[in-house]
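Asks: Heads up: the sequence lines are chains A and B, in that order.
Using my numbering, you'd call the opening residue of the first sequence number 1 and step up by one each time.
Using my numbering, you'd call the opening residue of the second sequence number 1 and step up by one each time.
Warning: the hint list may mix true and false statements.
Said to hold, decoys possible - Examples of chain A residues toward chain B, derived with CB under 7 Å:
| # | residue |
| --- | --- |
| 1 | T31 |
| 2 | L154 |
| 3 | P158 |
| 4 | V194 |
Claimed, not checked - Derived pair list, reagent style DSSO-like, types lysine-lysine, alpha-carbon separation capped at 27 Å:
| # | chain 1 | residue 1 | chain 2 | residue 2 |
| --- | --- | --- | --- | --- |
| 5 | A | K367 | B | K127 |
| 6 | A | K235 | A | K256 |
| 7 | A | K52 | A | K30 |
| 8 | A | K409 | B | K55 |
| 9 | B | K127 | A | K115 |
| 10 | A | K118 | B | K127 |
Just so you know, the hints here were simulated from the structure itself, not pulled from any lab data.
Note that the coordinates shown come from a computational prediction; the quantities given were computed from them, not determined experimentally.
Built from N, CA and C at the ideal position, the CB exists for glycine as well.
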Amino acid sequence: MSGLSITRRGLLTAASAVGASAALSACGAKTGSGTSSDAAGATADTSGSTVKIGLLNSLSGTMAISEVTVHNALLLAVKEINAAGGVLGKKLKAVSQDGASDWPTFAEKAESLIKEDKVAATFGCWTSASRKAVKPVFEKYKSPLFYPVQYEGLEQSPYIFYIGATTNQQIVPALDYLKKQGLTRLYLVGSDYVFPRTANKIIKAYAKANGMTVVGEDYAPLGSTEFSTIVNEVKGSGADAVFNTLNGDSNVAFFKEYKSAGLTAKSMPVLSVSIAEEEVASIGTQYLEDQLTAWNYYETTPGAANEKFVKAYQAEYGAKKPTSDPMEAAYISVYLWKAMVEKAGSFDVAKVKAAADGITFDAPEGKVTVDGATQHVYKTARIGKIGSDGLITEVWNSGKPVKPDPYLKGYDWASGLS
Amino acid sequence: MTTTSAPTTPAPEVTKATSPLTRFRVPGGFALGAVLLLGIAPLALTDFRLALLAKYLCWAMVAVGVSLAWGRGGLLVLGQGVFFGLGGYAMAMHLKLADAADTGIPGALPDFMQLYGTGEALPWWWKPFGNPAFALAATVLLPMAVAAVLGFFVFRRRVRGAYFAILSQALAAALAIWLVGQQATTGGTNGLTDFQGFFGYDLDDPANQRTVYFVIAVSLLLLMAAARQLFVSRYGELLIAVRDSEERVRFLGYDPANVKLVAYVVAAGMAGLAGALFVPAVGIISPALIGVVPSIGFVIGAAVGGRASLVGAVLGAIAVAWAQSTLSDAFPGAWTYLQGLLFVVAVGFLPGGLASLGAVIRRNRIRTRSGEAA
């Protein structure tokens, strides 16, 4: 062993000398000192004749099936805007980055878009986890992110615009609808992650205050396809309806099991908040017929703006391609950003943010208005019924756009939630 | 920033008589690595690229342990995500508590607990992580302790080969699922993210991010030096002997279980340290980073580079991570297939990895060496 120890000592001494010198070489700002040198040195480059914007979606991995459609919708909006002359006379150049369904990758790619490509704004993310992962990056570099998916609320980052619904524009109206139908005994089934758990917390608080009962609550791991136990419990629970926050593949297994257990939309309807046109096709309409969904937009939503959107999308990507709520939100997010930039007369992020309040757009879902205080949008809530043709038709809507309330401050029963 | 003092090279007397070339190869390579990582990389790379390199070096630290346990010990450690995660969560919990304390509100909870938790009191098992010394020690000792307990039972019962690999995987899956289920206290699928400070230093400051890089680079060099010492020590030879013929070692009077246990525990500690440093470098730790898929990812780099060669494993891990970042931009979706293909080719046709390419061409070296060692 004597021979060894010499080498070891030599190597370790050398290494620790190197280490000590390196560690002493740089000493940056302390926390809370406010002297953090300009992280915002990564300002957008808007000097040329084109302006870059970032598209950050999972083009590979488990989320790709959903996020690619959002990416397509974003590209469509960029193409249309460029054909109409661009933004402030500059053409948009979309830089796509693949988040690969992996949260740290999202953070890495967000930083790459802001620092390497110097984009003026970024559009994308789907899961809450990916949004939470990129949130510090956008806040650090003071660059805006437009997030197109309905989510669990309880968030308000100064650099994120939430274009999808928050809870009082989707889940709360869905509960109102169930209550009105006299379906007061609910069974909650969800995937095991943030959105379902938070949604169910809200549902339980609502139920308590509105004379409804939650008779059961079950979570399946994301991607799980084993539902016989859960469906058996649902069947024996005596519930009037199931509130379904399952995501992705799990829905296929759940609805097949549901049907084979003899449960139907008549005997015990399922209201889902993560099943849109795209998912209906993959689950199979025979399992979903007459079941309910809650969104802000359906392919069948009437109006000239929607006809134009559906037509343009199908002309670009294929006549059979459905359009869905997150796609529509992504599509309008680019137009909303364009309107903000034009109102501000500048691509400067602070000015764009200041111009955001009150921006309106005739969206496929109807008129939407940006609420500057929360950086969310006023959206009309819609309950739909799934038809045998795979399309969803509206059975109820909120009548007018609902003011976003991400922290549910306007609801007494929600006071204990955040 | 010229911080590089090239290590002075004492005349190394490595184990037995070796050729002059090999005598200087190790310290020379180490010095070259130090110059590259601590001198050239920080000068040549932008802040963004340097931060990426910091992340790759964290994977490389795990690969050092994989090289020891799998390359030398024959233990296919397919569950290193567990130890990476324990180290990462230990660090992240401390940073979250420090951030909460920085808000100045007495008894403030980490932000996610206010959102998803009961919003009442800090769980008892979070409390000790408020202490920086405890948290730092835990990043390494906690994974080692778990590995020690697990390894003690597993190796004593002579679980090995595929059974050991499956067991490691199951453990990684179990930990990831458990973390997802405990949203109120672990952040669930979101994991822990959004860290403001790192032991009092503002993580948004690029200068501090560079310091984190240096800490990671130096740690990697130290781990490599330590692993190298283990490789050439008597223990290292014993480990290879256990890998190649466990029964024979047992008849010679050694206990193979203990030999394997040491390699497993040391590899776990290295993965824990890597996880702990990953947190300030990347800014997130989540169940998605420690489950089955990332656990396989940890061994792929080592397999491609050459698991039995320390440098091969480290370079392999860095190269695979780099390729993933770069190629996934150009060909999203194709990367996963390529990664699988790399693994199949490396395991099937080049068991020594790229590090053995030269040797395979020359057709003899590796086999004779392991023959000598036994």
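Asks: Which hint numbers doesn't this structure obey?
Replies: 3, 5, 7, 8, 9 and 10
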